[in-house]
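J.: Below, each chain spelled out in residue letters.
Number of protein chains: 2
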Amino acid sequence: MKNVTGARCTLCGKVVPAEPETTVCPDCGGILDIEYDYEYIRSELGRKPLEQRTDRTMWRYMELLPVEGIGNRPRLRVGCSPLYKAEKLGGLLGIQKLWIKDDGQNPTASLKDRASAMAVVKAEEAGKTTIACSSTGNAASSLAGNAAAAGLSACIFVPARAPKGKIAQLMMFGARVFLVDGSYEDTFRISAEAIDRWGWYNRNAAINPYLMEGKKTVSLEIAEQLGFVMPDYVAVSVGDGCTIGGVYKGFKDLYETGLIDRIPRLISVQASGCCPINTAAAAGTMDWVPQEENTCADSIAVGVPRNPVKALNAIRESNGITVNVSDEEILSAMRLLGSSSGVFAEPAGAAATAGLKKAAESGLIEKDASVVTIVTGNGLKDVNNAIRSAGEPVHIRPEMADLEQYFR
Amino acid sequence: MKNVTGARCTLCGKVVPAEPETTVCPDCGGILDIEYDYEYIRSELGRKPLEQRTDRTMWRYMELLPVEGIGNRPRLRVGCSPLYKAEKLGGLLGIQKLWIKDDGQNPTASLKDRASAMAVVKAEEAGKTTIACSSTGNAASSLAGNAAAAGLSACIFVPARAPKGKIAQLMMFGARVFLVDGSYEDTFRISAEAIDRWGWYNRNAAINPYLMEGKKTVSLEIAEQLGFVMPDYVAVSVGDGCTIGGVYKGFKDLYETGLIDRIPRLISVQASGCCPINTAAAAGTMDWVPQEENTCADSIAVGVPRNPVKALNAIRESNGITVNVSDEEILSAMRLLGSSSGVFAEPAGAAATAGLKKAAESGLIEKDASVVTIVTGNGLKDVNNAIRSAGEPVHIRPEMADLEQYFR
Chain A
0 MKNVTGARCT LCGKVVPAEP ETTVCPDCGG ILDIEYDYEY IRSELGRKPL EQRTDRTMWR
60 YMELLPVEGI GNRPRLRVGC SPLYKAEKLG GLLGIQKLWI KDDGQNPTAS LKDRASAMAV
120 VKAEEAGKTT IACSSTGNAA SSLAGNAAAA GLSACIFVPA RAPKGKIAQL MMFGARVFLV
180 DGSYEDTFRI SAEAIDRWGW YNRNAAINPY LMEGKKTVSL EIAEQLGFVM PDYVAVSVGD
240 GCTIGGVYKG FKDLYETGLI DRIPRLISVQ ASGCCPINTA AAAGTMDWVP QEENTCADSI
300 AVGVPRNPVK ALNAIRESNG ITVNVSDEEI LSAMRLLGSS SGVFAEPAGA AATAGLKKAA
360 ESGLIEKDAS VVTIVTGNGL KDVNNAIRSA GEPVHIRPEM ADLEQYFR
Chain B
0 MKNVTGARCT LCGKVVPAEP ETTVCPDCGG ILDIEYDYEY IRSELGRKPL EQRTDRTMWR
60 YMELLPVEGI GNRPRLRVGC SPLYKAEKLG GLLGIQKLWI KDDGQNPTAS LKDRASAMAV
120 VKAEEAGKTT IACSSTGNAA SSLAGNAAAA GLSACIFVPA RAPKGKIAQL MMFGARVFLV
180 DGSYEDTFRI SAEAIDRWGW YNRNAAINPY LMEGKKTVSL EIAEQLGFVM PDYVAVSVGD
240 GCTIGGVYKG FKDLYETGLI DRIPRLISVQ ASGCCPINTA AAAGTMDWVP QEENTCADSI
300 AVGVPRNPVK ALNAIRESNG ITVNVSDEEI LSAMRLLGSS SGVFAEPAGA AATAGLKKAA
360 ESGLIEKDAS VVTIVTGNGL KDVNNAIRSA GEPVHIRPEM ADLEQYFR
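These protein sequence lines map, in sequence, to chains A and B.
Per numbering that gives the first Met the number 0, residue 0 is the first one in the first sequence, and the count goes up by one each step.
Per numbering that gives the first Met the number 0, residue 0 is the first one in the second sequence, and the count goes up by one each step.
Next comes chain A alone, as it looks inside the complex:
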């Protein structure tokens, strides 16, 4: 890959070659970060060439991705999700210029498709035909879907308590699903052992630096959709830290390539019931402390984040701000997004907007700010919480008198 120079450890700074199976730092075990030759990329990538590309997927930004190409296997259409100008919601939140990036409009209905699509291509590069992870959430379903499209096998390890609906989705995509009679810790451990034993490709996010390179395409799209005029802020919900790390990486790449002239300040939103990253960021330390997982937003309920370093760097380097939100604020943001803009978000997907509302109300961000809020997953993924949030319909008998009374 002419555009990639190596993989640098986020802890000790060691640089190793970027192979498809490059995992954590051989010296200190730190998470790696893929590095690029921005001078080379600058000579290849500009606004004009981009405009002329007909590829309407995340792969349209090939020069900024750690792959030679994506081969000939079938792919789901990942990326190029809509960016909606949200005047009504902006008015309600008191924000002058607001856009919603609806990443629930991906094939398996979450931003994770960007990471899984990348993982599948890297697995093929490594000559693997099976790819594995431990998860019951969006990572698992996106891996199962993207692997199925490409004709790869997926092995997914889930703790026995996993909800049936989520398992059904995995099974529909033909994944081998192993229901592990134990805790999530047990499940992760057995998945790691099995990956070693059978040599499968590893899609566990903390181990694989390429996943974030897939996720960063959300920022490349936001920039292109805004004509490379950057908003002041980008709000994103934060769980294990991989997504905000990817969001930052995308903007950093564009900045280094000269395609944008500043990096938006990131608004890192966590649930009040589970906010180890924001707590550390607010205290200005890298020493985060594990927390319990008390929130309805399951996709960001991560008490022991796997990517705290990249997340904390992203917040600090973007001069970002942190906001924590209650479950009530999250459920209320779901209603706001739906009723003002026709966007149905899962709780974790609406958390960013909940945080934005709070930041605007408390004066943390300026009234004339321009903001993009990212919706990371679709509400159909979690209908139970939608029911909690939705409120009650109007009951009537099939008689006009009842309706007349209601409208009076």
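Since the hints were derived computationally from the structure, they do not count as laboratory data.
Any given hint could turn out to be false.
To be verified - Calculated lysine-lysine pairs in the DSSO-like style (CA-CA distance at most 30 Å, straight line): (1) K87/A with K127/B; (2) K251/B with K96/B; (3) K127/A with K47/B; (4) K127/B with K96/A; (5) K13/B with K163/A; (6) K127/B with K84/A; (7) K47/A with K47/B; (8) K13/B with K251/B; (9) K96/B with K84/B.
Use these hints to put chain B onto chain A, whose structure you have.
T.: Positioned in the frame of chain A, the structure of chain B alone reads:
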């Protein structure tokens, strides 16, 4: 509208002006069909101009749509759903050239978004600020979502037995939901009375000829995505008849405009437990007979179809074929789509593929045929049936011995 000549009754042939609130035929009550000036359209629309359009929504085919424009209100990104080349699934079904049109990748996750987006624009043309329908299904959620985006109010009438999850989705979009203590018949009647009484815009499919004009954009896209080289067959699931009517209308428009040189034969797929349209079509009569609604595919469980005339015409005029499928065949097709292609379909969305499988196996269609199968809705809409279909995961203890045994 320079491109529209009028609205013709599908029963008596009377032509009336195409106003936004044009409803059924004033003489006989028949459903109307919007008619175009194809000569004019031919002078305006060609492959080259289309190629250069950057609009990646259903509105890119403006010359073939019954609107002057879509105004300045915000819109969801409807249409331009992916068309996947499905070699693996084709191999499994014994079909040489197969594509999947995944219309579950629309904003509210079904093809109905095309109709609702059109309804919202026509409501605005008519100067209405409220739009109404009776339904609990995809029509209702797509209306609620598309109306919310545009800042219109939606009133939705649902029978009291409607599932809570579906109501939650409607409420999230800020629709006024009226839970009617009565049958679906009662619900429809009170909605019609209320629409009359308060002058709302009517999105009930049998009454409003524009909805089908929205739906037909699925065919315009299929044609463009295939470079205007038509497949031999297009398979589509059929309930009240509006969707297959729209699919046919799209191809007919393209044929009349000279953009394609033949109309694909339609494969009309209904559930064996509810197939009044296919039964009439197979008997070569327009006299369909109401049936019970015995199928898990709720979106096509329509015993009294509202658009039988257009559906039966579509089947006959395309030299189409009819196939009925059992619930088991539908659930099996869901697994096939998911595991071979990474496409998660709701039961009604998979029915077309189930019918295609049956048609291929029984020799109804040729082995070297080229086929597009349309997936009309996403499986996340109906997780319960996915659970029914999915099968059981593998149970293990968190010990390698269990895995070793499984793989032996």
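J.: Are the hints correct? Go through all of them and say.
T.: Do the hints match the structure? See the list:
1. K87/A with K127/B: holds, 19 Å
2. K251/B with K96/B: holds, 22 Å
3. K127/A with K47/B: violated, 42 Å
4. K127/B with K96/A: The hint holds at about 28 Å.
5. K13/B with K163/A: violated, 54 Å
6. K127/B with K84/A: Distance of about 23 Å is within 30 Å: holds.
7. K47/A with K47/B: holds, 21 Å
8. K13/B with K251/B: Holds. K13/B to K251/B sits at ~20 Å (cutoff 30 Å).
9. K96/B with K84/B: Given that 30 Å is the threshold and the Cα spacing comes to 8 Å, the pair holds.
Hints 3, 5 from the list above are not met by this structure, while the remaining hints are.
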